[in-house]
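From just these sequences and the hints, can you work out the full model?
As they're listed, the protein sequences go chains A and B. Residue numbering for the first sequence follows UniProt numbering, starting at 1 and increasing by one per position. Residue numbering for the second sequence follows UniProt numbering, starting at 1 and increasing by one per position.
Please keep in mind that the hints were generated in silico from the structure rather than gathered at the bench. Incorrect hints may appear among the rest.
Result set (PhoX-like, lysine-lysine): computed pairs, CA atoms no more than 25 Å apart in a straight line [claimed, not checked]: (1) B:Lys56 / A:Lys56; (2) A:Lys49 / B:Lys4; (3) B:Lys92 / B:Lys11; (4) B:Lys11 / B:Lys33; (5) B:Lys56 / A:Lys49; (6) B:Lys33 / B:Lys4.
There are 2 protein chains.
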Amino acid sequence: MNEKLSDTGRKAMLDPLFATGWALVEGRDAIRKTFQFSDFVEAFGFMTKVALYAEKWNHHPEWTNVYNRVEVTLTTHDVDGLSSLDAKLARKLDALCEAMHGGA
Amino acid sequence: MNEKLSDTGRKAMLDPLFATGWALVEGRDAIRKTFQFSDFVEAFGFMTKVALYAEKWNHHPEWTNVYNRVEVTLTTHDVDGLSSLDAKLARKLDALCEAMHGGA
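Right under this line is the structure:
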């Protein structure tokens, strides 16, 4: 079962994500990051890769796409807050983005 | 060149869309509709189809996906408002959704 992050777990999981541009969302126990690409093809290509992992891990982002930008919010509805799944998916998004254009 | 809808053009283009659930966005010259599917696979499948037309027609939606829901906003940045391209893309979205599950 997935569990809400403990106070110590939070720090260990979230600090590295804050370092790559993720930030806490105001008023919710969630994290958010905006990914930028050269155009829509790149942005939607990224979303397609993310979608496959999201479905495989049964953990889906809340996300908005406007042309070359993808704003992703992660939280775990089951536990009403952040869980280790959010950190895992966040790290995967960073890796997928990095692989596409060598930087977030 | 794409042009902003005239007053008569607006009515002819938009009335049929209002009938299928599209609505004007407050404070912007844009239209919005929320599409609902059975799950993420269906929702992202819909988005993937839309993405191909969006790129082909060089007209991209602003859209948000949360699991089985896709909220789409259409406007034409070039003309700072609604153009016939928005109506064309809106009709395509309706048709793609209809083809997937027989209803919006």
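Verification of the supplied hints:
1. Taken as a hint, the lysine 56 of chain B and lysine 56 of chain A pair is broken in the structure, with Cα atoms around 29 Å apart against an allowance of 25 Å.
2. Proximity of lysine 49 of chain A to lysine 4 of chain B is assessed by CA-CA distance (about 35 Å); at most 25 Å being required, the pair is judged violated.
3. Restraint check for lysine 92 of chain B and lysine 11 of chain B: satisfied, since their Cα atoms lie roughly 18 Å apart, inside the 25 Å limit.
4. A distance of roughly 18 Å separates the Cα atoms of lysine 11 of chain B and lysine 33 of chain B; the hinted pair therefore holds under the 25 Å criterion.
5. The straight-line distance between the Cα atoms of lysine 56 of chain B and lysine 49 of chain A is roughly 21 Å, inside the 25 Å bound, and the hint therefore holds.
6. The hinted pair formed by lysine 33 of chain B and lysine 4 of chain B meets the criterion: a straight-line CA distance of about 20 Å does not exceed 25 Å.
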